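Undergrad: One letter stands for each residue in the lines below.
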Amino acid sequence: MNYKTEFYSIFERTLRVGATFVALSVGGCLIGLALGVSPRELGVAVAVPILWLFAISRVFVAAMPRTPSEAKPITKSATALFFSLAAMFVAGIGAIDFALSGATFSFLRLHNLSSGSYRISATCGEICASVLLVLTALALREVFGDLATALTVVILRILRWPTLLADAVPPLHKLQHHR
Amino acid sequence: MNGDDKAEFISLCRKVGFALLRLVFLAMFLAAHYGLNIALRLVLPSNMTKFVELAQIMIGVIFLLIYAYLAWDMVTVFMPRLKRPILQMARVSEPDENDELQD
Chain A
51 MNYKTEFYSI
61 FERTLRVGAT
71 FVALSVGGCL
81 IGLALGVSPR
91 ELGVAVAVPI
101 LWLFAISRVF
111 VAAMPRTPSE
121 AKPITKSATA
131 LFFSLAAMFV
141 AGIGAIDFAL
151 SGATFSFLRL
161 HNLSSGSYRI
171 SATCGEICAS
181 VLLVLTALAL
191 REVFGDLATA
201 LTVVILRILR
211 WPTLLADAVP
221 PLHKLQHHR
Chain B
170 MNGDDKAEFI
180 SLCRKVGFAL
190 LRLVFLAMFL
200 AAHYGLNIAL
210 RLVLPSNMTK
220 FVELAQIMIG
230 VIFLLIYAYL
240 AWDMVTVFMP
250 RLKRPILQMA
260 RVSEPDENDE
270 LQD
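Going down the list, the protein sequences come from chains A and B.
Every number in this note's numbering is 50 more than the matching position in the first sequence, counting from 1.
Every number in this note's numbering is 169 more than the matching position in the second sequence, counting from 1.
Extracted from the complex, chain B is given alone in its bound form (with noise of 0.2 Å):
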């Protein structure tokens, strides 16, 4: 293995260690999913089953959309060219040594 190989495997390690994170995050999240679903049927009477559906609903549809964000979010650490260009040309004046793995 030369050098370049080297500095690619671990710029790979480094992008699956990002990947991860983001899975880490993703795991959060559904647990304080699960989390809020369980609480809402403990803490509000039996009398609310109607509320506590739609609250449940709603809390879904939110936690469904952060799902997808981080999903797309972990694409990104592989395909960089897909992050907001904006973002990456006002990083041109402070350049990072792992900019592409920034928003």
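So here's chain A without its partners, still in its complex pose (with noise of 0.2 Å):
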């Protein structure tokens, strides 16, 4: 695949996730003012259950089976335990979906983080220069593999000083033989 492919790719890839959002967007934005969400909170009150349904559904895409082989297939599907196995599969996204929001509010709120777009630009940026961070490693990691795994290979062998440690301590049995 070339670069150009790759850029319409993307493009049309883009567009169609963008229209997904726009309607969850405009559909929270309407809930929240419904609710009676002030302006100031609105963005993050609709922004950080969307983006942890986001997190929650490539969690779900990442844990897929791989293989045709894995997938069962579903042939009764239109049974009443599908629909209801199916209903709680939502219920259950939903939940965890709230339970996260919630935590997140919290700790917005916690850190005095949930108003002042200032504040939450920051917060967009340390997202922003963790993700670089991550791409840096694992661009590193691609380039010095041996090395960073001889590197981690040390740091776990200092981690594992108390283990070490117990190591140098004669063995149990050895102490009863003396009795």
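Because the hints were derived from the structure by calculation, they are not lab data.
These figures come from a predicted structure and were not determined experimentally.
Idealized CB from N, CA, C, for every residue including glycine.
Please note that a few of the clues may not be correct.
As the list claims (entries may be wrong) - Covered, in the sense of this in silico footprint (three residues per stretch, anywhere, with C-beta under 8 Å from a C-beta of chain B), are these stretches of chain A:
(1) 66 to 79
(2) 85 to 94
What the hints assert, rightly or not - Have a look at the derived ranges for each label pair, beta carbon to beta carbon:
(3) R250/B - R90/A: 23 to 31 Å
(4) V212/B - L80/A: 17 to 25 Å
(5) A208/B - L85/A: 26 to 34 Å
Stated by the list, open to error - Below, computed lysine-lysine pairings styled on BS3-like, alpha-carbon distance capped at 27 Å:
(6) K54/A - K252/B
(7) K175/B - K54/A
(8) K252/B - K184/B
(9) K184/B - K54/A
(10) K252/B - K175/B
Combine both chains into one complex, guided by the hints.
TA: So this is what it looks like as structure tokens:
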């Protein structure tokens, strides 16, 4: 795949996903306004649950079976059991989203981040910086794979100092022999 | 540098290129975001401040989500296992040299 094809592919995908985000955001803002959320907090109040929903969906996508043999086909899709399972699944996702969003709001309030565009943009900047850091780490791992692995082994060995200390102590069965 | 190393290096360069392409998109959307915000202030009359504020919040949320999506897409360039497996399975019949970079 060349860069031109990839460019059009990203553009198409972003527009498709963007349309979903527009629908979710407009709906969320309208619900927020109807519930009397102040305009200052509306942005965070709408964005946080959608972002968590996006994250949950990505986790599910990553956890899906990789090969066709692992995927179990649904034979009796129209049964009451299927619908009740589907309802439970949706309710479960909703509950997880609700809990995570609630925790995020509490965190933002605790750190006085819930209001003020400056604070929000600072948080976004930190998130972007973190993403860049992860990308840099991934790129470095790709280039200096062996070196990074060796370094990880050394760090893990240093972190395992309590076990190493325990290894230095004579085993218990030897002590029992001396009785 | 042997053949395998060279191929790996080329693959890495391509991945970085694809990631940078997403970064270009991010910059484009950022420019569009700021452009829209400025246009809203310039085009709409000054007595519609509340509406402008609300529209800016809505646009901000939409673009924030798009930035998150592009950032995620950038991560998947380096970790293709996180992509949608159904689409990867569907493409098994028509293999591509850079299959892992597609969505």
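Undergrad: Next step is simple, just say for each hint if it's right about the structure.
TA: We went through each hint and held it up to the structure:
{"no.": "1", "hint": "66 to 79", "result": "holds (count 9)"}
{"no.": "2", "hint": "85 to 94", "result": "holds (count 3)"}
{"no.": "3", "hint": "R250/B - R90/A: 23 to 31 Å", "result": "violated, 40 Å"}
{"no.": "4", "hint": "V212/B - L80/A: 17 to 25 Å", "result": "holds, 23 Å"}
{"no.": "5", "hint": "A208/B - L85/A: 26 to 34 Å", "result": "holds, 29 Å"}
{"no.": "6", "hint": "K54/A - K252/B", "result": "holds, 21 Å"}
{"no.": "7", "hint": "K175/B - K54/A", "result": "holds, 24 Å"}
{"no.": "8", "hint": "K252/B - K184/B", "result": "holds, 15 Å"}
{"no.": "9", "hint": "K184/B - K54/A", "result": "holds, 14 Å"}
{"no.": "10", "hint": "K252/B - K175/B", "result": "holds, 26 Å"}
In the structure shown, a violation is registered for the earlier hint numbered 3 alone.
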